[in-house]
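Full structure from sequences and hints, please.
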Amino acid sequence: MTALLTIVILVFILIAIWQMVKIFDLAQAKTENSQVATDKDNTLNGYLMMGFLAFIYVITIVCVVKWGDLPLLSNSASAHGPTIDNLMTISLVIIFLVQIITQFLLHYFAFKYKGEKGKTALFFADNNKLEAIWTIIPVIVLAGLIIYGLNTWINIMGVDESDDPMVVELYAQQFNWKARYAGADNTLGKANVRLIDIDRANILGLDEADPNAQDDIITTELHLPVGKPVLFKMRSQDVLHSAYMPHFRAQMNCVPGMITQFGFTPTVTTEEMRQTPDMIEKVQHINEIRVEKSEALIAKGEDALERYEFDYLLLCNKICGKSHYNMQMKIVVETQEEYDAWIKEQKEFKNSLIN
Amino acid sequence: MSAHEDNHAHDDHGHHHKETFITKYIFSIDHKMIAKQYLITGTIMGIIGIMMSIMFRMQIAWPEEPNVLFEALLGKWAPDGVMDADIYLALVTIHGTIMVFFVLTAGLSGTFSNLLIPLQIGARDMASGFLNMVSYWLFFLSSVIMVISLFVEAGPAAAGWTIYPPLSALPMAQGGSGAGMTLWLVSMAIFIASSLLGSLNYVVTVLNLRTKGMSMTRLPLTIWAFFITAVIGIISFPVLLSAALLLIMDRSFGTSFFLSDIFIQGEVLHYQGGSPVLFEHLFWFLGHPEVYIVLLPALGITSEIIATNSRKPIFGYRAMIASILAIAFLSTIVWGHHMFVSGMNPFLGSVFTFTTLLIAIPSAVKAFNYITTLWKGNLQMNPAMLFSIGLVSTFITGGLTGIILGDSALDINVHDTYFVVAHFHLVMGISALYGMFAGIYHWYPKMFGRMLNKKLGYLHFWVTAICAYGVFFPMHFIGMAGLPRRYYTNSNFPLFDDLADVNVVITIFAIVGGAFQLVFLYNFFSSIFYGKKAEQNPWKSNTLEWTTPVKHVHGNWPGEIPHVHRWAYDYSKPGHDVDFVPQNVPLKDGEEELQH
Numbered sequence: 001m002t003a004l005l006t007i008v009i010l011v012f013i014l015i016a017i018w019q020m021v022k023i024f025d026l027a028q029a030k031t032e033n034s035q036v037a038t039d040k041d042n043t044l045n046g047y048l049m050m051g052f053l054a055f056i057y058v059i060t061i062v063c064v065v066k067w068g069d070l071p072l073l074s075n076s077a078s079a080h081g082p083t084i085d086n087l088m089t090i091s092l093v094i095i096f097l098v099q100i101i102t103q104f105l106l107h108y109f110a111f112k113y114k115g116e117k118g119k120t121a122l123f124f125a126d127n128n129k130l131e132a133i134w135t136i137i138p139v140i141v142l143a144g145l146i147i148y149g150l151n152t153w154i155n156i157m158g159v160d161e162s163d164d165p166m167v168v169e170l171y172a173q174q175f176n177w178k179a180r181y182a183g184a185d186n187t188l189g190k191a192n193v194r195l196i197d198i199d200r201a202n203i204l205g206l207d208e209a210d211p212n213a214q215d216d217i218i219t220t221e222l223h224l225p226v227g228k229p230v231l232f233k234m235r236s237q238d239v240l241h242s243a244y245m246p247h248f249r250a251q252m253n254c255v256p257g258m259i260t261q262f263g264f265t266p267t268v269t270t271e272e273m274r275q276t277p278d279m280i281e282k283v284q285h286i287n288e289i290r291v292e293k294s295e296a297l298i299a300k301g302e303d304a305l306e307r308y309e310f311d312y313l314l315l316c317n318k319i320c321g322k323s324h325y326n327m328q329m330k331i332v333v334e335t336q337e338e339y340d341a342w343i344k345e346q347k348e349f350k351n352s353l354i355n
Numbered sequence: 356m357s358a359h360e361d362n363h364a365h366d367d368h369g370h371h372h373k374e375t376f377i378t379k380y381i382f383s384i385d386h387k388m389i390a391k392q393y394l395i396t397g398t399i400m401g402i403i404g405i406m407m408s409i410m411f412r413m414q415i416a417w418p419e420e421p422n423v424l425f426e427a428l429l430g431k432w433a434p435d436g437v438m439d440a441d442i443y444l445a446l447v448t449i450h451g452t453i454m455v456f457f458v459l460t461a462g463l464s465g466t467f468s469n470l471l472i473p474l475q476i477g478a479r480d481m482a483s484g485f486l487n488m489v490s491y492w493l494f495f496l497s498s499v500i501m502v503i504s505l506f507v508e509a510g511p512a513a514a515g516w517t518i519y520p521p522l523s524a525l526p527m528a529q530g531g532s533g534a535g536m537t538l539w540l541v542s543m544a545i546f547i548a549s550s551l552l553g554s555l556n557y558v559v560t561v562l563n564l565r566t567k568g569m570s571m572t573r574l575p576l577t578i579w580a581f582f583i584t585a586v587i588g589i590i591s592f593p594v595l596l597s598a599a600l601l602l603i604m605d606r607s608f609g610t611s612f613f614l615s616d617i618f619i620q621g622e623v624l625h626y627q628g629g630s631p632v633l634f635e636h637l638f639w640f641l642g643h644p645e646v647y648i649v650l651l652p653a654l655g656i657t658s659e660i661i662a663t664n665s666r667k668p669i670f671g672y673r674a675m676i677a678s679i680l681a682i683a684f685l686s687t688i689v690w691g692h693h694m695f696v697s698g699m700n701p702f703l704g705s706v707f708t709f710t711t712l713l714i715a716i717p718s719a720v721k722a723f724n725y726i727t728t729l730w731k732g733n734l735q736m737n738p739a740m741l742f743s744i745g746l747v748s749t750f751i752t753g754g755l756t757g758i759i760l761g762d763s764a765l766d767i768n769v770h771d772t773y774f775v776v777a778h779f780h781l782v783m784g785i786s787a788l789y790g791m792f793a794g795i796y797h798w799y800p801k802m803f804g805r806m807l808n809k810k811l812g813y814l815h816f817w818v819t820a821i822c823a824y825g826v827f828f829p830m831h832f833i834g835m836a837g838l839p840r841r842y843y844t845n846s847n848f849p850l851f852d853d854l855a856d857v858n859v860v861i862t863i864f865a866i867v868g869g870a871f872q873l874v875f876l877y878n879f880f881s882s883i884f885y886g887k888k889a890e891q892n893p894w895k896s897n898t899l900e901w902t903t904p905v906k907h908v909h910g911n912w913p914g915e916i917p918h919v920h921r922w923a924y925d926y927s928k929p930g931h932d933v934d935f936v937p938q939n940v941p942l943k944d945g946e947e948e949l950q951h
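Chain order of the listed sequences is A and B. Counting along the first sequence from 1, when you hit position 52 you're at 52 in my numbering, and nothing is skipped either side. Counting along the second sequence from 1, when you hit position 6 you're at 361 in my numbering, and nothing is skipped either side.
It is possible that part of the hints are untrue.
Chain A side only, calculated, beta carbon under 10 Å to chain B, not exhaustive [as the list claims (entries may be wrong)]:
#: 1; residue: Phe24
#: 2; residue: Gly46
#: 3; residue: Leu106
#: 4; residue: Ile156
In case anyone wonders, no lab produced these hints; they're calculated from the structure. Since we're looking at a predicted model, the values are computed, not measured. We treat Cβ as the ideally placed atom computed from N, Cα and C, and that holds for glycine.
Put into structure tokens, the structure is as follows:
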């Protein structure tokens, strides 16, 4: 019944808007006959063009001031993070400059050269010099960006085995993450989803006969020792997922049927990150919002929201089904000692099986 | 052709061959009627697509709050008015599909290629009127199937418009991957057939049916754009068709093209040896050129409208053609920039970064040429002109962020976030939509013989322009904050709590912008009947379509087809009394044709 009423009300609103537009339309019809722009229209719209230019600048400033603390430009927590952030900053500066200049020219010309009866436009069809200028300038700028970008990309994606990275598997399934540590041998045991045996708690399909698999450790939280290079091997058991770790400037898809990889070195522990001024401010702001929301919730008789404390996160960033929006895993970056203590408490694969 | 002309020798006084209601309005083979059919169908699909976007924007702004609108429109998918997570994904998916393919490919290219190619090159009709009719009706059929898919029991396709398998291949992975996805694939297969028939027709028509004197270097830029768009379509759409067919095989006949090693809901599936990455390659081999299939016609329309309304030749005619060709070529070798983090070899990523950033060069040339065309012009601010200037503005804003996304190192961190959503909506969504609106305002007199109300046009443009920036500009910032797209709600991530207010702002702009499209719809439909009667050449334009009579005749020109003596951009040429010289006016004694 409410549904029907809503539709009826919607229809009425639409009819009302329609009628109002019609009245507007009819009111105009008498005063003016031509539907081609007159000098008056040109002037009005010329000024509006300048107004719109101002609007673009204002919205840019508002966005930068209000939402521009740009968490992806500072506070990176991985060794390669700052190079990405630098490149991002350079690109953004170029973009803003070009944007400000070209939008100005476009809208200013639209205002300056608004039509008037009797005026004649300049017959100016071609100029090779100008064309050459605005071909060559982008070529130079882009060449710089391409060289810088490719250098960065190759450095990030190339895995340097001589660093002796710690190998960790990220395992994705609808809708959660698991991490598998390679254990003392730093070699992951063979695995295939065909070997999954839920009854024996072999949930990642490890090859029980493989000696390398015996000391593997499967966890639901990702702990990383600070300063130690990590090489992630990604697997998925069902659909595409994407392992997105924004604070570390890291992302790689998890593809059923193949193993993908991404490596980085965490440089800031969770604790240190919580203590940075930026993060303290951000968390405080978020908690103010949450307190406000909680008041509304309590008034409705629901539970208040928990206080937020910063943690690194692994998010799923490839549409994977109904609960895609809640597929996450906590990442803890800690000192080597803390990490060693934590990993010791975890069960090795051979001990985790149910016989 | 000669038979055609003979026919018309007898029709001079407006007596056509007998046309019934059905042959005139339904199974018409006249390109002008087919253009209108495309436009109306595209408009209806556009209304559906925009309404969907408003619904999912409301969910993002006010997550999981009961909403009577949802209860009314979504039925069982919104128990107690709270939108279900599955239908959220379905709305996102179908919105993308409808807007990209049904509105901005068929609605834009289908309408204006059909209307303008024969009229602007001086042809009686398309090379094959019959294929043209078949093309429209296949498009209509695919639209109907897509709409029907919204009503299947387990829900419409919900795997994102990119329908990556395995999510799209396995009904147990997602409700929408059952009958909904089957219908989606069938609809798209038919759509592709329609698009190919149309494109072949456009290419053949442009190459063979140009009137005397209409050399390729005298073609209006609209035609160049439609022509190259059709060529890109012919090259890339069959690849999507193959991907769709292989996916159908995987889904229904047990093959393993895209699937391997899958364990889902407690059982191992038999698939082995396929790869979802293969699907991504096939999909984006169309998917990226598709961006230009959508955008180039809009740019072509803009070139024509900016030149006409600036009363100036388009600046750098040859450079414009060269940049269209460069964009077309590059567009087929950049698809991998959608796949930097797909697991493909990082070396390939380097190659695609290189080719992708190259596209910025011809794009920059186009933008600067538009701006220079305005310089020292005598700008007539008709609604079509406003939308064209708006297009250049959003094309720049949206295009610039492409140099971040095309850079593989930067893409790692903004891939699949709202930054991408903001980028492509501005550069292809809004820009192409503006191109479509510009085209409608400009050629409405040609289509319907009446004028659109300009005041309503101004209102429509200014509100739309402000709302478009209001929606998509802040979106860059939530993307740079790391918020992934396609999340039903962000409330499980306190990390993003400080972005909630941005999302409310965006949604309010979206609702206002969406509502004001009603002004356009009113203007469009009421002007068909009550609009001011149009003159033959209301915008004082040079191109051939304005030499045809206001009232449509089959075969376009009642008498002989005009011959062409000059390019399309002799505006404000010194030595002429008026500020435009139509293409069919012979050169005066001693007048030189510009060596453009």
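Structure-based check of each hint:
1. Phe24: holds (7 Å)
2. Gly46: Holds: closest Cβ of chain B sits about 7 Å from Gly46(A), inside 10 Å.
3. Leu106: holds (5 Å)
4. Ile156: OK, holds: Ile156(A) within 10 Å of chain B, min 6 Å.
Every hint from the earlier list agrees with this structure, and none is contradicted.
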